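**Student:** Sequence order for the protein chains is S and W. Counted from 1, the first sequence has number 148 at position 148 by the UniProt record's numbering; the numbering is strictly sequential. Counted from 1, the second sequence has number 25 at position 25 by the UniProt record's numbering; the numbering is strictly sequential.
Quick caveat, the hints were computed from the structure, so don't treat them as lab data. Note that the coordinates shown come from a computational prediction; the quantities given were computed from them, not determined experimentally. Don't take each hint at face value.
Since copy identity is lost for identical chains, a pair holds within one copy or between any two.
Said to hold, decoys possible - With a straight-line cut-off of 27 Å between C-alpha atoms, the simulated DSS-like cross-links for lysine-lysine are:
1. K67 <-> K112
2. K405 <-> K394
3. K405 <-> K158
4. K67 <-> K232
5. K225 <-> K403
6. K158 <-> K403
7. K395 <-> K67
8. K225 <-> K94
9. K225 <-> K271
10. K42 <-> K112
There are 2 protein chains.
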Amino acid sequence: MAHIRLNTHPSQGGQAAPPIIWGARDPKLRGPVVGTVGDPAKRNAIGVHSGSYGIYRALAIAAQELKPDHRPDFTNTSPAEPIGPFESWFDPKKIVSLDPWGHMVAEVFADKLAAGWDIRPTIAVTKAHVNMPEIMDAMAAGRLKPDNDILSGSGDVKVTKAAIEPVWWLPGIAERFGVREVDLRRTLFEQTGGMYTELVTRPDLELFLPPIGGSTIYFFGDVSKLGKPDTKIACRLHDECNGSDVFGSDICTCRPYLAHGIEICIEMAQKGGVGVVIYNRKEGRALGEVTKFLVYNARKRQPGGDSAAQYFNRTECVAGVQDMRLQELMPDVFHWLGIARIDRFASMSNMKSDALREQGIEIVEQVAIPDELIPADAQVEMDAKKAAGYFTSKKPETAELAKAKGRGLNE
Amino acid sequence: MAHIRLNTHPSQGGQAAPPIIWGARDPKLRGPVVGTVGDPAKRNAIGVHSGSYGIYRALAIAAQELKPDHRPDFTNTSPAEPIGPFESWFDPKKIVSLDPWGHMVAEVFADKLAAGWDIRPTIAVTKAHVNMPEIMDAMAAGRLKPDNDILSGSGDVKVTKAAIEPVWWLPGIAERFGVREVDLRRTLFEQTGGMYTELVTRPDLELFLPPIGGSTIYFFGDVSKLGKPDTKIACRLHDECNGSDVFGSDICTCRPYLAHGIEICIEMAQKGGVGVVIYNRKEGRALGEVTKFLVYNARKRQPGGDSAAQYFNRTECVAGVQDMRLQELMPDVFHWLGIARIDRFASMSNMKSDALREQGIEIVEQVAIPDELIPADAQVEMDAKKAAGYFTSKKPETAELAKAKGRGLNE
Chain S
1 MAHIRLNTHP
11 SQGGQAAPPI
21 IWGARDPKLR
31 GPVVGTVGDP
41 AKRNAIGVHS
51 GSYGIYRALA
61 IAAQELKPDH
71 RPDFTNTSPA
81 EPIGPFESWF
91 DPKKIVSLDP
101 WGHMVAEVFA
111 DKLAAGWDIR
121 PTIAVTKAHV
131 NMPEIMDAMA
141 AGRLKPDNDI
151 LSGSGDVKVT
161 KAAIEPVWWL
171 PGIAERFGVR
181 EVDLRRTLFE
191 QTGGMYTELV
201 TRPDLELFLP
211 PIGGSTIYFF
221 GDVSKLGKPD
231 TKIACRLHDE
241 CNGSDVFGSD
251 ICTCRPYLAH
261 GIEICIEMAQ
271 KGGVGVVIYN
281 RKEGRALGEV
291 TKFLVYNARK
301 RQPGGDSAAQ
311 YFNRTECVAG
321 VQDMRLQELM
331 PDVFHWLGIA
341 RIDRFASMSN
351 MKSDALREQG
361 IEIVEQVAIP
371 DELIPADAQV
381 EMDAKKAAGY
391 FTSKKPETAE
401 LAKAKGRGLN
411 E
Chain W
1 MAHIRLNTHP
11 SQGGQAAPPI
21 IWGARDPKLR
31 GPVVGTVGDP
41 AKRNAIGVHS
51 GSYGIYRALA
61 IAAQELKPDH
71 RPDFTNTSPA
81 EPIGPFESWF
91 DPKKIVSLDP
101 WGHMVAEVFA
111 DKLAAGWDIR
121 PTIAVTKAHV
131 NMPEIMDAMA
141 AGRLKPDNDI
151 LSGSGDVKVT
161 KAAIEPVWWL
171 PGIAERFGVR
181 EVDLRRTLFE
191 QTGGMYTELV
201 TRPDLELFLP
211 PIGGSTIYFF
221 GDVSKLGKPD
231 TKIACRLHDE
241 CNGSDVFGSD
251 ICTCRPYLAH
261 GIEICIEMAQ
271 KGGVGVVIYN
281 RKEGRALGEV
291 TKFLVYNARK
301 RQPGGDSAAQ
311 YFNRTECVAG
321 VQDMRLQELM
331 PDVFHWLGIA
341 RIDRFASMSN
351 MKSDALREQG
361 IEIVEQVAIP
371 DELIPADAQV
381 EMDAKKAAGY
391 FTSKKPETAE
401 LAKAKGRGLN
411 E
């Protein structure tokens, strides 16, 4: 059996990693993201593809269910709709956490693939029909009307959708957070308990494929209108909440807001604009669900009951921060889509709107969730967020915040 | 600034990691899982807590939003319902991918926590009310009746729920897959592009906290009845499918089957049993959503159209395997819950039922999804799975499998 190589170094093998000129206009000059483990000389990224599912791939090889040298056959997999390139792809500071060419690798790197390079897409674009009961409700209430194209009378909605895996260009990530790249690399290495020595030994490798979840985008309307300044855009920017999104838990407004955002996106598409729903895998404010459930218990059991005044404190006691979503990276996807202006933004979050404006994306109208869509037990969250800076026409009074409005744990 | 330590070794510092005797009856003898980065001498696990959200934690520290020395305050966070210990916790071969004491660390390791050890829960148990439109439909159709306790007339369902982060005991994982531990460790290291040198340098560290998603369990009925042989159990074992579970995409039966499973769980709880829905983060058969969307395109565009006969082939061409969920580890959660028999199992998957039986869990009745709940475009998937071994009363004919039943990509 071959020697195990614990750490790699830039000089090793006398061959430099294939260069990346992030933001270069010509994709051949920009160079492909190569996260292969089968061909070390061509590798120019730390980590492997598929986000956290890269661990399942390794386990499948260990279990002898997958051959380590399998190369994907990309026949018929190309994007169902073209997206880009847009001018925003060529400013290396605008997109730092995804590869804008990620869906087009089979096309723009066809010569390298033919020469045997193991290059993989980090984005895929397909089409689907979706059907959510809330859309039927919106039709029944007369808020939406079927058009037999985008929205059928049975509630089927035609969408284009894109899945995106994270690709971090480390110099850009460091600059976005205002820290030195060397400190970013060292902290990522040390605070993950030593994940990827290459973060510190390979400053020549500027790309990192982190083992985290990515994003999914649902498009409503004509995707070819993206990138045109006169196209009106509606948007819901949604961070995963499995308990509400899937199971309809009533402690938060996540699924109601998602459904409301989709309603607004369908409406915009019917008027000739494009609706964009962005779904980010950041469960429990990126603290994960174990922390989220611990906080639920602490909120419901605290002396005085579950109140808006203590809402953020309880998270901070357990997690050390109120929120770990780091919205600084989130605007990248808008630059990928050539969106510089959101006409109708279905979100009240000041963290999201501030982060978008910081990256030069204009928000024309921020659309609040209608009161009748807020579950009773979620009023604590809404009051706390409004007091903390959420977009609202009426900030709650201090006395209101101190009231226990959430159910007790055993109710 | 301190020297960066690239690799660690067992002899280092002259102090051995706190021992783990996996499966030991006394939790103090078993020992705590310690995934801290703040106190290396007490660390006995490779990796960090929170699954893939550990990377967000590291990034938050790099961005100077979180102090690296923050210790959680666990006041009021203890489980909303007790679970275990059960006899199955004390067979080290029965549970290898989670820590059965994970929700009880503040109780069973109280002395070590008081002495300053950084021990964190890997499981949290809370309570919630959930509400899904499909449950209202089931009441309207007369299949479910409100009881004003578990199920209210407005469709609110009372649940207990648990979030579980993965904790891998590497000797047990290796044995489960029938491979040598040294080979498992090396393959996990090399095939992730060098994630965690400790996988190979630290054979003394038997625990690994992999950066992958975990599981959520929804309980219907009285949780204290778990572990009693006469308690009837209904179960839906569900692998994440964001497109269907959240957005209601009609290409598969995921959300319809989940809702049907919940219906069966509510029914069982109303009859005095316990319903258990297990939700595993294994998107797109643990291949991830980018691969899933590439496969959708290949299925819809192939000559002859989207047919059951080609269903699994298209996945294998892209991913190298038909499935990467590795159901071998999935039964652990049943042993954690003291469940040795599932009376009503809402799943047709032979991969799931085979894996459960292999681990000694009896399945009394396998409940198929009613035909009227299958979306038209999902018929391709259903036919393919039935032909491949899914539980069904009528296997499809070969001629039937060759028919293109799925929509074209642009329909």
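**Student:** Which hints, by number, does the structure contradict?
**Tutor:** Of the numbered hints given earlier, those the structure breaks are 4, 5 and 7, listed in rising order.
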